[in-house]
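Once you have looked at the hints, place chain W on chain A.
For the protein sequence lines, the chains are A and W, in the order given. Heads up: the first sequence begins at 1 in UniProt numbering, then just goes up one per residue. Heads up: the second sequence begins at 1 in UniProt numbering, then just goes up one per residue.
Just so you know, these hints were derived from the structure itself, not from any lab.
Below 30 Å or equal to it, Euclidean Cα-Cα: the simulated DSS-like pairs (lysine-lysine) are:
1. A:Lys11 - W:Lys11
2. W:Lys11 - W:Lys21
3. A:Lys11 - W:Lys21
4. A:Lys103 - W:Lys205
5. A:Lys103 - W:Lys96
6. A:Lys93 - W:Lys93
There are 2 protein chains.
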Amino acid sequence: MGMARAIEMAKEFGIGMVSIKHSNHFGMSAWLVQQAIDEGMMSLVFTNSSPALPVWGGRSKLMGVSPIACGAPAGDERPFILDMAPSIAARGKIDKAIRQGEKIPTDWALDSEGNMTDNPASALEGVMLPMGGPKGSALSIMMDVFSGVLSGSAYAGHVTNPYDPSKAADVGHFLVAIKPDLFMSLEDFKARMDYLYQRVVSCDKMGGVDRIYYPGEIEQIMRDERMKTGIPFTRGEIDALNEEAKLVGADTLNV
Amino acid sequence: MGMARAIEMAKEFGIGMVSIKHSNHFGMSAWLVQQAIDEGMMSLVFTNSSPALPVWGGRSKLMGVSPIACGAPAGDERPFILDMAPSIAARGKIDKAIRQGEKIPTDWALDSEGNMTDNPASALEGVMLPMGGPKGSALSIMMDVFSGVLSGSAYAGHVTNPYDPSKAADVGHFLVAIKPDLFMSLEDFKARMDYLYQRVVSCDKMGGVDRIYYPGEIEQIMRDERMKTGIPFTRGEIDALNEEAKLVGADTLNV
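In isolation and in its complexed conformation, chain A is listed as follows:
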């Protein structure tokens, strides 16, 4: 609803901004970017989130793994959809390194004493680090300033974890929609975006790379595939859903 209002204002004024306070985890930012694209609009989607990363130089969690997201519509090619976290690596990559008995790069995580470590088991007891050191840290603070400080929501480490039901999460969001055909026709804008797509994906490839993907393209390909073939579930997920179904007296899945 926030993005719909931002789009409405952008249609009239060229740009529309919506600030949201006292919110919860709003799911995937790219979903809001897609709403704007469906209306032929560019967008910026910022949010803050509960503490998960230290600021650069710190050792305790203060800032969120708050994604910066934005997008722009294209013509015949894929739209530009960016939705990226300021963390250097997903925690799952540490689990994988443990399973495979490998070391991790020293800039991924701190151990429980606050020192850099290449031992994945020690990393799991400590904290993950922001991407690019001070750069990811600053992006996370940027999300907090535009989403939390401006709106009047919780910020500076006070957003509640979405899995903690004891109090409201009090997340803040910052949504901007921009009319792309302010300085040219929409047709020209879309043709320019198509050209950008083509230039990016046809760049000379580095060693070991078969294909270059545009931001958001891997997810769009995955979505297209799953709209056709469905979403695969593991045995454990099916069993858990069947347990829930029994609790409420619904039919179970016999697969």
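Positioned in the frame of chain A, the structure of chain W alone reads:
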């Protein structure tokens, strides 16, 4: 002038956007962010630039080392000023590794064949890589979409290098100013920013860190220092300036 117009619109509408085309290198983005802060405004400052980085998966230069910049005013504490390039490391760090006979991390650069390398001399013959792989690459594309595509300037690798006098650089910029006291008083906003500053710099420190700096703080401290003690020049810089002075018949510096 662009930021002044964005601020003027933000005072009336809450948010103001200015798109600039056919421009040149506009210097340091933080300078425009500071203009907004001086007027008590939040800002976003995006620009594109001439090719210097491959997109992720690519090996030839396509996107610029285009900084993402933004800021917000504070009260008694330092304002928030972010101005960061999407590159993983400045080229100067490679020169330093060569001088010190050290290897570089394999994610910093490609050699001239387009393969990752830990040899700084090979890296100098190749290209520097974006920060965080696909993340820095996507930020650079984001700068190109909002600055180049939207404005009608050059983009997708066609911005001319600022040191090439043969044709116009045709850079695009995207400037946004936001009134911080839309949902609270300016006094409250500034107090919230001061609290964020205090929380960030007083975070528990990681091993080997004496002090945590806020985004933009190191540069502000440097500026304060140099306003007092002046800007140090090397012998070579003074000699070069004296040569120029002689050419135009101006007094030379006798230091």
